[in-house]
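Student: Here the protein sequences line up with chains A and B, keeping their order.
So the first sequence is numbered by our numbering: it starts at 1 and just counts up by one.
So the second sequence is numbered by our numbering: it starts at 1001 and just counts up by one.
Everything labelled a hint here was simulated from the structure, so no lab data went into it.
One or more hints might be untrue.
Selected chain A positions facing chain B (in silico; Cβ < 10 angstroms) [as the list claims (entries may be wrong)]:
| hint | residue |
| --- | --- |
| 1 | Gly41 |
| 2 | Pro209 |
| 3 | Val215 |
| 4 | Val219 |
| 5 | Arg296 |
Every residue, glycine too, gets a C-beta built ideally from N, C-alpha and C.
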Amino acid sequence: MALVTRFDTPASLRDLPVGSVFYDNWHAFLAGGLVTTPGSGTATGEFYDASEINVDILAERALVWMGFPRRVLLPSRRDDHLDAYMTADTTANRAVQDEYCEWFVKRNAAGKITKVTIVTETPEYWQHLWDVDRATVVNLYKTLVSPAVVEADLRTGGPGSAYNKFNRWNTTDGIVHFIQSINTLGAALGLARGSVATGAARDNYEMTPGANTSVDPRVILDVGALARKGLSITLRDPIGIYIAGYDDTGWTKPDGSPVGNYWTIVRGSPGRILRLEYKVPAGAGFVVGDIRIGGRRIEWGGQVAEHITCTLGGVAGRRAR
Amino acid sequence: MKAKRKVVAKAPGPIEPSLSAKKLDTEFQKIVSTLPELVAKLPDKMHLSILGTDFGAEVPGAEPEPVYNATARGDIQGNIVPGFNKDHQHFLFFRIRNVARTKQWLRWIAPLVTSMEEVLAFVRAHRALRKRLGVREPPMCAAWINIAFSCEAIARLVSPADAAAFGDHSFRQGLAARSTFLGDPTRRSRSGHRSRWKVGGPNKEADILVIVAADDAEDLVNLVRNVKRRAAAARLRLLFEQRGDTLPGALRGHEHFGFKDGVSQPGVRGKVSPAAGDFITPRYIDPADSRARFLAKPGQPLLWPGQFLLGEPRQNTESISTSGPAATNFPRWAALGSYVVCRRLRQDVPAFWRFAIASAAAVGIPATKFASMLVGRWPSGAPVLRTPAADDAVLAGDEFANNHFMFDDDSRPSVLRPIPGYPGDAHAQAQADMLGAVCPHFAHIRKTNMRDGATDLGKPSDSLTRMILRRGIPFGRPVFGVRRPSRRLLKQERGLMFLCYGGTIEDQFEFLTRRWVNSPLQPNVGGHDPIIGQRDTRGNRTRFIDFPTAAGTRRIRIRREWVVPTGGGYFFAPPIKAIAGVLGA
């Protein structure tokens, strides 16, 4: 008996009316990516499709990692964090923001940061929305980025042409979802699925996850260790890449006092945040760029991203008899 | 029709521990009187650690480790490597008033500063004597001095440009400027607020830290007196001083909450001579065991010396055993020096145990077991992962077993080189505890040392780059071992002079503190470190732990604080030749 007959949308978003074919399409997309995969090597467990296989869940585990790209910070810039922040912010098309976390920085005329927007929304979700209801996509862009957005801005060409994820409102002039080449939900599913191949490794010390990101080893080692215990593993519904939390401990206003709560969850919910904004309320007399983190002024969005924790939910258990 | 999905039962709401004051007092008195019995027992006929003059065997094909000749060993301060580890220590915090006279004083004290050469020779002689006499504590004693400087002091004694050349931004800022970033109180009304520190707060920052250490208390007093007298003559202002002593009797090596401290320390790679096996950190794992590539003994990882000594090869961030490039972001004269973090931490012993007693009653387990799960070790030092049901003093006393466990997979026995008198590790091996059911994710030893586990920054090779060399010592009169401690005794101040060394402050001490210890989400979701974790979200200092029970995890809020910062500073321990040759020149 299938445990999940319809995979939910990330954070259970309802951007279209309940009953829309969009939700069926989204389920089909996820079910296609969650191919049941037997473990190999020392892994006697499996990765499974929860719409196909019934598993008695024994444990849930939140896989967490840092939003700022580790490969930018380490190993080449371990002695120059400021250069890492700058590189992560200024590389075109957010090409180095490869931890399933991307951000956009808005500055004022003086060059100071006024807002940092962090997202974990995937291009697949927006593509599926576009495929069903372009007007909704345009309206969401208007709400999230700018009232100036028109449908033509979001297309690759004339009317009826494809959705352009590299449109100006998702690149140079704003952010809605991931554009970095490997930041896709499909890639995340593939990473989780492939992690049940553990080779000859008996433990994490013997594993050699090549990627120098945070997220890849996190998933590879965690899923691999569960698979070595013979468990059946999958991602927790609603499947999505989320912001699990943020930490502004030790952030101070220009007068040295602690900052207020300047975070706004724009999409998602606490623990399952998809779009998060950091902005000082109007009238406070200062902007984000005047805030200090541990005594250091915020000059780059990466300094904020460093204090963002991302997550992917996993579950593990034994096949039901 | 949508199928019903089986899910793990949702945990009930938070537990609010409550017990009568009388019950708490009774239980506390009982623990105070019985805990000292739970001390480590050495295996029969064994006097740790005895390999005689044989310090290790080369691992075929392993990357060569740097050799520290007599000149280099004479230049590295001895409390960095291998560490003083003395029972009596005294910390002197000075402020410079006259630069010229301070330089004179530095030229006086420089020859007295104890080097790695001296400490290592002492340690090796101590081991040899242990073996020859067949006793654990052979009659040897020494009195030693080390010294460290704030960034401001370096600016005044050398030049602002030299001070600015230190790449560690946190060192340049100082501890007071980073205090709230470390979770310390933001409100001045809190006793841990930096404005109330005994030393190191705004306008009370020390320029120079002198550490005096001795086996014999009288030797310590005499040496401290001499240093202070000469310092006064140099117009150095003594801002604060703190005596530290290991706890007496059976609790030697324990901290004030009653738990054995310092069981797990990284081993520093490097050799004393090119001779085969002449390692600074003795190697006990047989090269036939693949773990000899990255462990000195079971549970003790080997770290490249640049993690603690500037300019030396560091850990490769992507590999657990190979070296990475040395740091270059410091003045040339600072090579072989190390950053020092000093935190004076006050411990409220009754508050800690009352929380443990009340919470344990709420979840239905003995208080000592509950407290041990907060730490991750039993009072004796035995890891809960190897003995989940009860303390095991024999396991605790076995240094080849008491630190041998992993979190994510079952542990396998290590293959050790022949160790005279050692019967072998016959204790039950640790079982995998990936979900933190035995050693919870919030447990202090799990927060600060992730071992084989993945973290929010990835793999074990990254975790190795975060490790520090801890050199702390308790201060204040103990409560444990005192039958029916009086109210007056309980109210007295006691705690830990936390001291650690590292190649950076930001990526080691601060990383561990802010990112793991203080976070309920990192490196794994499950709560704050209930021992040393600090949290201050707009004045809210309540922490929590998600405690594993048979019915699922239960959240327990922690409203009291039992570890409170009361002072400290960020310093740099220079190479010895720079004390007179650069700082005192």
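Student: Each hint: holds or not?
Tutor: How the hints compare with the structure:
1. Checking Gly41 (chain A) against chain B: minimum C-beta separation of about 14 angstroms lies over 10 angstroms; hint violated.
2. Taking 10 angstroms as the C-beta contact cut-off toward chain B, the hint placing Pro209 (chain A) at the interface holds, the least distance being around 6 angstroms.
3. Nearest Cβ of chain B to the Cβ of Val215 (chain A): about 8 angstroms, under the 10 angstroms cut. The hint holds.
4. Taking 10 angstroms as the C-beta cut-off, the interface hint given for Val219 (chain A) holds, the closest approach to chain B being about 8 angstroms.
5. This hint holds: Arg296 (chain A) has a C-beta 7 angstroms from the nearest C-beta of chain B, less than the 10 angstroms allowed.
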